[in-house]
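Position chain B against the provided structure of chain A, taking the given hints into account.
Chains as they are written, first to last, in my numbering: chain A, 1 to 352; chain B, 1 to 531.
Possibly wrong hints are sitting among the right ones.
[What the hints assert, rightly or not] Keeping only pairs whose Cα atoms sit at most 27 Å apart, straight-line, the calculated DSS-like set for lysine-lysine is:
(1) Lys92/A / Lys156/A
(2) Lys355/B / Lys3/B
(3) Lys337/A / Lys235/B
(4) Lys64/A / Lys298/A
(5) Lys235/B / Lys92/A
(6) Lys114/A / Lys92/A
(7) Lys114/A / Lys275/A
(8) Lys293/A / Lys326/A
(9) Lys114/A / Lys235/B
(10) Lys171/A / Lys208/A
(11) Lys337/A / Lys275/A
(12) Lys28/B / Lys114/A
(13) Lys156/A / Lys248/A
(14) Lys209/A / Lys198/A
(15) Lys275/A / Lys126/A
(16) Lys92/A / Lys28/B
(17) Lys320/A / Lys248/A
(18) Lys275/A / Lys235/B
(19) Lys28/B / Lys347/A
(20) Lys248/A / Lys298/A
(21) Lys64/A / Lys293/A
(22) Lys337/A / Lys198/A
(23) Lys347/A / Lys235/B
(24) Lys326/A / Lys126/A
Keep in mind that the hints were calculated from the coordinates and are not lab data.
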Amino acid sequence: MLRSLLNRKFLLMPLSARTGVMIFLGLIILIFGCNKKKEAANTVTVYVSEDQVFSEPVLKDFEKETGIDVRAVYDTEEAKSTGAMNRLIAEKNNPQADVYWANEPIRSEVLKQKGIAASYFSPQAKDIPNVFKDPRGYWTGFSARARVLVVNNRVKDTPQSILAYTDPRWKGKAVIANPLFGTTTSEIAALYTIWGDKRAEAFLVAMKKNGVTLSTSNGESADFVAAGEKDFSLVDSDDAVNRMRQGKPVTMIYPDQQENGLGCFIVPNVVVLIKGAPHLTAARRLIDYLLSKETERKLAFADCAQIPLHTAVEIPPELKPLSELKVMQVNYAEVAKKMIEIQPFLKAWVGF
Amino acid sequence: MQKRPFLFFVVLLFFIIGLLPVLSMLLKSIMAEGRFSLEAYEGILTSHRQWTLMGHSMALSFWVMLLTTIVGVPLGVLLGKTNLPLRRFFIFLFVIPLLIPPYITAVSWFDLLGREGLLSRLIGPSFAGMSSRFLFGLPGCVAILFTTFLPIPILLTMVFLRTVNPRLEEAGKLVSGWRGILKGITIPLILPGILLAAMLTFILSFGEFGVSNFLRYGVFPVESFTQFSAFYNFKAATAAAVPLVLVTFVVLLSEAGFLREKTFRLRPSAETEDLPLIALGTSRNGLFVLVTLFGFFLVIVPILVLIVQSANIQAYAEALSRAGDSLLRSLFYAVIGATSLTLFGFFSGYLIQTKTFRYWRAIDFTTIFLFALPGTVIGIGLISLWNTPYTNFIYGTLWIIILGYLAKYTALTSRITVNQLTQISPAMEEAAQVAGAGWFRRLIFIIIPLARRGLLAGWIVGYIFSLRDTAITMLVYPAGHDTLPVRIFTLMANGSAQLIAALCVMLILATLLPAGILWLIANPLLRKAKR
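Just chain B, same shape as in the assembly:
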């Protein structure tokens, strides 16, 4: 009985933090002078421009989904199920673009392919004109979002591969080679994972705003942001966000419907430590070179471009003097955000995994729904709800930013917790319960120690996503509380290319270094303690 009231309190808090701002925003958009009115929505249905923007968003999301799936799934199989050399390194390499704000990747490609980019200086202005036309528009947006979201199908393919029972594949070996096994057994079994990755990529691309804005490709989230920021039309901004909400809702609903009966396969098989690997044979070296080249162009080149562009001590000195305070603030907020996300994610993950409430699926769905929702929508919702004289202690302080992080990213830490808890035998908790231990005691002395690796991973993921957030923070940050990604965004207006590149390198280091160091120090300790 102890845990239900506490977990109910967590659900209530999440409702207030995450869902209430979105609901409040929707409610205000359908009211005019105290009466029900759909005036704000009429423009959306009647304007040709809105349909064009919707078409752009759909096209962008579709191409990103298609390309990431086509490339990501084979790459996931290659990295997760073969004897390719340096697999761990490649996994780390391909995950990097997901960890940095997509518009930073856009900046680096712009520095390379823009009218005055590095290639223009090397090859000539005629090439620059062509590459610039490619970059500014649908192809450029697709290319950058492809780079950013490619890790999703790679990682999900690898995770789902670990859930396939090796005995099925061993049985397959009796009648076929690996090609036949993959085609007839493995891929059909991990199909839910592939679909999940495709859908996630679709809705994340659909809600992305920074890249399209930077590359001047009109999409729906930019419209919502512009309605709020350039016209101060709160209702029109909400109305412009509603199609995004609806598309996200439909995609998630179909995903839930399709995967409902298949999610049991997410549980790792008992033999996860001894997954049968595919021996690549003679093609091993060729594939190794191919993956190396792909990783080089996709991940290393953009980072190198930023480093080359900013290779000047003065640029870094100026970057530090202009944004040193924002960098420190970003780190501080990311630590608070990560800690809050770990706590929240742990409890929501626990109640989802233990199915404490009958509506556990709704909670799971809500966290993912908010994660998929564009940051601008959540930002507008937060302003709509908290900007009152009575709630100034939230709206006027850093807490409005932390609430934004909680609303948007709880799904990540919650899912990590669920994944971790599935690996802990329920018998442990039951034995303690029989011995008379209360729920909190069981949590503190049994569950949390056993789930500590998941908690650490959750904290690091929370840290990274809090640190890279731009869309929510930019809309709600109180005066003097801007973060480094926001500072980079505002300095882009007439800031020198060197300065912007130096700031981007600083942000990448601030993201990767603390998270990497923490993982390198804490992970072996936790493994040792487990043994």
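This is chain A alone, in the form it adopts within the complex:
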């Protein structure tokens, strides 16, 4: 009865209204038709801050080995590797992602503090040193970069410590990436937690006084040194190894390795399970996969040349295993907290 009434009403409508209704219905069908979600168990959504060129092959291998479809949002260097995290924050009440693969641990701490991360203790993470894991399982580190000095080969007496930035001998000869972004911010915040505010600020002031040049990224800093425009720079180990593999005239030095030295700052990749993840089982499988020795081996031999956190993982000759390095002893949660606190000082220091 209703159907016949609707039919009659529809037929009695003018052509324009009928067409309008049909276009409207067509749109609805198209929208909801394309919105049909895939089988939940067979999909995982991951937001990635590690460079796509390195992270994508690992995710592809995971797809091949497990048959789980990976849907990824990659960050861009231009967004200073924080775009994905910002989307996670924006989507807090309506999570789209299951897993976050960050290229450093500090912002994962921020996610934990904002209640976006969920706890998960992966069986693959048992051998990873505790300093690289959250004690409550909110994030777990793997495959790390070291913060190193990249030095041009024409420099005879090479700098061995980050304190070289304040040494008059290197006046106007050093470059550092903008400390408002990325791993440079993390390392400076780490120095604050070890030295205290006063000494860290004095170090930054002295560095500026010594004519340090600011670059937009670690990659650009390494390029300045490789081109011979500057003598040295504090960069990530992958930036240095990359230039060495390209045959550029540079050497990589792990800083502050002396007996009473600070040690070099280690920046592991970090994987986080997202609270309310729509595909929980697949998310845990992906986390286990990323934390495996095999993934660490792949990332060590890739151009990003990352240092495995598991022991007994094969590495390329340019890298030193973690066991042979003097590592800066920091608490990443404290570093994360400090990083937010020092923003106003850093902005003023940079000249914002």
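Just chain B, lined up with the frame of chain A:
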């Protein structure tokens, strides 16, 4: 009566798709804990850095506007009103940079002039240092945006030249040569077109973000993007976008005020098919060589550099394996985007041309305003409006990208429709109306067949602009839905130069080939049917 409710529905839909995200974004930026607050804006007025960035944006836009006008207008006259050989080819050639994302042009110039570019290998590192310094900064940004936006004054000059009544010029010939006619009659008559081109170039350069970002020249749109992406300060991102909105608004308002009484001249004259051409005489060959060299360096060299850089089968194999899915997705989205844009543009163009509503000018203005607005602003607005659990069927799917295309590019298809409809005699529709045909019947059986060339051109333009979009898509694409331009952008971080060049060549081919083939096949058929 049938058409008004339907067209009102179109206007309403456009309001929701285009204007509401921007309004929602503005509203959220002036609210803090449920109260009115201008806290987010205070930083903008007080920070020295913001004023510096504004100065950079102004300088960049001014230089691009000035140079494109100085070069584009004479080139438009040369290609539109003289007997220069191969004019059609040159028009096609100079339009190419507008069709590809500007940052791809930046990549190719970087491959040529960068520290390790082709010229550095040929000439030496001292030259490389100099050319790199030129590229990274204001001059480099100006040069690349000049290349990108040069087609605007060329095309608008040509379009406006066709609106000049030839009788005026013929009368001028009685007392003067072509130089005097151009100076005294033609150029003054097409001045609104020149100004329109200058203003469009200014606001498009003002909103451009990819090139400045790539070449590390701090401008206002980069600030807005960084505030959102690097600091997650939604309000600061909006506040940083407001000056862009204001500048766009002021420029458009002055353009509307200046051109209001002169737009009638846009209508083509009856004699458009027989425009009097200027015979170049002895300078014809010299000018031909000059234009050829200019086109070679401006358009062909950057594309050649990309081809040389990527001349390696492995690079293309890697590009296909890394971005093959993104390429297919880009094509699919571009087809859906182009179809939606053609439909939307047709109806909004129709209501503007027929002045269905009293506020038709406001609709026209809004579409152009959104086109001129930086993509990042629209992207942020879309997130602000649609990122809720209730609208996940939009936000979590490709439709959020399509909404972005509709918001940003409807102006193009709408303007093309207006241009096409002005060439159809209103008597056709009126005769059908007298015979009792309803509005939809008139549309389907009279207007659409007569406007089919405009619809095809609109579809191709919609396809090209959907395919090249980076700014909106990068901010809103759902997981696993990235497009080729976005993939290129993310792979640039540590991706090899060969791979990036191969991807850029793929994107250029994906843009030009389907659009070109479609035009070559469909255009003669439509012409034949018209006859």
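Hints versus structure:
no. : hint                : result
1   : Lys92/A / Lys156/A  : violated (52 Å)
2   : Lys355/B / Lys3/B   : holds (12 Å)
3   : Lys337/A / Lys235/B : holds (22 Å)
4   : Lys64/A / Lys298/A  : holds (15 Å)
5   : Lys235/B / Lys92/A  : holds (17 Å)
6   : Lys114/A / Lys92/A  : holds (9 Å)
7   : Lys114/A / Lys275/A : holds (11 Å)
8   : Lys293/A / Lys326/A : holds (22 Å)
9   : Lys114/A / Lys235/B : holds (18 Å)
10  : Lys171/A / Lys208/A : holds (10 Å)
11  : Lys337/A / Lys275/A : holds (21 Å)
12  : Lys28/B / Lys114/A  : holds (21 Å)
13  : Lys156/A / Lys248/A : holds (17 Å)
14  : Lys209/A / Lys198/A : holds (16 Å)
15  : Lys275/A / Lys126/A : holds (22 Å)
16  : Lys92/A / Lys28/B   : holds (18 Å)
17  : Lys320/A / Lys248/A : holds (20 Å)
18  : Lys275/A / Lys235/B : holds (25 Å)
19  : Lys28/B / Lys347/A  : holds (26 Å)
20  : Lys248/A / Lys298/A : holds (24 Å)
21  : Lys64/A / Lys293/A  : holds (18 Å)
22  : Lys337/A / Lys198/A : holds (17 Å)
23  : Lys347/A / Lys235/B : holds (19 Å)
24  : Lys326/A / Lys126/A : holds (22 Å)
Of the numbered hints listed earlier, the single one contradicted by the structure is hint 1.
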